[in-house]
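From first to last, the protein sequence lines stand for chains U and W. So for the first sequence, my numbering puts the first residue at 81; every next one is plus one. So for the second sequence, my numbering puts the first residue at 81; every next one is plus one.
Be careful, since some hints might not be right.
No copy is singled out in the list; a pair is fine if it fits within one copy or between any two copies.
[What the hints assert, rightly or not] Below, simulated DSSO-like cross-link-like pairs (lysine-lysine); rule was C-alpha separation at most 27 Å, straight line:
1) Lys296 - Lys252
2) Lys283 - Lys252
3) Lys207 - Lys252
4) Lys84 - Lys207
Note that these hints are calculated values from the structure, not bench results.
There are 2 protein chains.
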Amino acid sequence: MSQKNAAPSPRTRVKRVHERGAYDRTTIDAILDASPIAHVGYIFEDAPFVTPTLHWREGDHVYWHGSAASRMIETADGAEVCLTVTLLDGLVLARSAFHHSANYRSVMLFGRATLISDPEAKEARLKAFMEGLVPGRWETLRPILQKELKATSILSMPIIEASAKVRTGPPKDDEPDYALDIWAGTLPLQISTGAPVDDPRLKPGLCVPEAVRGVKIG
Amino acid sequence: MSQKNAAPSPRTRVKRVHERGAYDRTTIDAILDASPIAHVGYIFEDAPFVTPTLHWREGDHVYWHGSAASRMIETADGAEVCLTVTLLDGLVLARSAFHHSANYRSVMLFGRATLISDPEAKEARLKAFMEGLVPGRWETLRPILQKELKATSILSMPIIEASAKVRTGPPKDDEPDYALDIWAGTLPLQISTGAPVDDPRLKPGLCVPEAVRGVKIG
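Hey, can you work out the whole structure from these sequences and the hints?
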């Protein structure tokens, strides 16, 4: 496991409930790796935009991709972005409205995004992306074409300025409220996978690969 | 059901894969209501920030809340924000890497956020928030205190400039690729609730309320 830290900067230092904040790469990487969904924030014509996208991590970088014609890709290249990954792990139901909360894991990552232009590097990144989700699938696919690599843009951002924020555990009520006749506790939430659904045009005789059944997210 | 539309503006008009775009309030409201998690984007010292938060909708407005001392709340009041809600409904596994995709529902909502200052209005909004998640719970709680209302800030944004983007269904492969011996299909994903967990300090004899068991998200 990495022992590196992403040093807290003024904007990554967790201000609210600071005991929930973490800056170690082990915590940050685990959260980035747990969810394929990220929300990428960027500024376009002086206004904030937040675009959901799939992302992946390799070593000290995160990557996300999109059509070469996408506004998000065009705007984010070379620009300051904030990439946030969040997993909602549960509702925290306290004895007062005020102490209701949520259990969650989140990472905010700041930096400048850079477009990857070399086709071989792009192919290697896309392969790593797919291998992370469905190991072994890449080699079974119809090989990627040069025109497809051209039509796909990949953005890269180093994991330098990042913070994690995590809440776990039961509600924290005001001391006198524990004596009240009110049920309190947590309602766990998680992302679950359903049974794989065959493409209606699937060639007869093909079975769901084990790697697809084995996908776990969260 | 609402028949209102959120008119597409230059920034809400879905550029990429425009057949996935929708601007009718029925679609937009259903997505906003399906997930309690939103990602709020705002600009702080010329850089984009994306903060995860719980949100709720009442009629033509969305709301989110936080500590009165939160940077997100302070910064967003009166400022342009982009609030994005995303549900990842599945992985779409095609016969080529290029046509891999995701099924999802997302809404991007643009506008100016406004702080609600009237304590009675704040209490009514918080009650509606909780009733939306766990119906009936509000009345069972220790009543909210004035100092708690004071410490809680609520931001409001009208649903005027919004777009939804939705993908459903099987992969769309290149026509010749359907003949290949490659499994293709979708892997459904959903948010599932686990069994409620009692607070370790729960008063003996209290049972999990039916409304908590009935919470459904997604």
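Original post:
So which hints don't hold here, by number, going up?
Top reply: Structure breaks no hint.
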